[in-house]
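Could you put together the complete structure from these sequences and hints?
So the sequence shown is numbered by our numbering: it starts at 1 and just counts up by one.
Certain hints may be false.
Cut-off 16 Å, straight-line C-alpha distance, at most; resulting in silico cross-link-like pairs (EDC-like, lysine to aspartate or glutamate) [claimed, not checked]:
#, residue 1, residue 2
1, Lys-62, Asp-102
2, Lys-111, Glu-27
3, Lys-62, Glu-105
4, Lys-109, Glu-60
DEER-style ranges, computed between Cβ atoms [what the hints assert, rightly or not]:
#, residue 1, residue 2, range
5, Ala-54, Ile-130, 37 to 47 Å
6, Gly-79, Gln-59, 48 to 58 Å
7, Gly-34, Ala-5, 14 to 24 Å
8, Leu-46, Ile-132, 20 to 30 Å
9, Leu-46, Ser-134, 43 to 53 Å
Hints in this document: simulated from the structure, not taken from any laboratory.
A quick note: this is a predicted structure, and the numbers were derived from the prediction, not measured.
Ideal Cβ placement from N, Cα and C applies to all residues, glycine included.
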Amino acid sequence: GSIVALLILHVVVSGDTEPFGLFEIGEGLLLRLGIGGALGMIGGGLLTLGLRRAIALSQELKTLVVLATVWGLFSCAQGIDSESGLLTAVVIGIVLRTAALDEEEVLLKFKGQLSVLSISFLFVLLAAVISIPSVVPLG
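Rendered as structure tokens:
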């Protein structure tokens, strides 16, 4: 859904005078889904295999390996085609969830911590965008 919304936003914001046909939207959607899905499946599979074989890594280090891998594959997908990184990250999460890893509880705890950190950071960024003169008239 978010990829379709981003494609439509791109059409609206681009300001092209040429009509943007349904074919171009479908082509863009399939390209992004293909890249994101393929990188997510391959990366998630390799990450699952690596986590199962990494006996020498501690639990904390495994969570950082997962995070670094997701960020790296997200960036790689974004570099290939914009807006495909989101699907890559989602597919990696699905692959890891279905893999039934021993570290699943640790990864879920880390995901919760990361979610709180991300949401907190988002509010800090939003507050930084607001100027004080624009708030004063509100009371």
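To see whether the hints hold, each was checked on the structure:
1. At roughly 11 Å between alpha-carbon atoms, Lys-62 and Asp-102 fall within 16 Å of each other, so this suggested pair holds.
2. This hinted pair does not check out: Lys-111 and Glu-27 have alpha carbons roughly 33 Å apart, beyond 16 Å.
3. Between Lys-62 and Glu-105 the CA atoms are separated by roughly 12 Å; this keeps the pair inside 16 Å, and the hint holds.
4. Of the pairs offered as hints, the one joining Lys-109 and Glu-60 holds, with about 11 Å between alpha carbons and a cut-off of 16 Å not exceeded.
5. Range check, Ala-54 to Ile-130: Cβ separation about 44 Å, and the 37 to 47 Å hint holds.
6. Under the hint 48 to 58 Å, the C-beta atoms of Gly-79 and Gln-59, about 31 Å apart, miss the expected range.
7. For Gly-34 and Ala-5, the hinted distance range of 14 to 24 Å is satisfied, since their beta carbons lie about 18 Å from each other.
8. Evaluation of the 20 to 30 Å hint for Leu-46 and Ile-132 yields a failure: the beta carbon distance comes to about 49 Å.
9. Between Leu-46 and Ser-134 the C-beta distance comes to about 48 Å, which sits within the given range of 43 to 53 Å.
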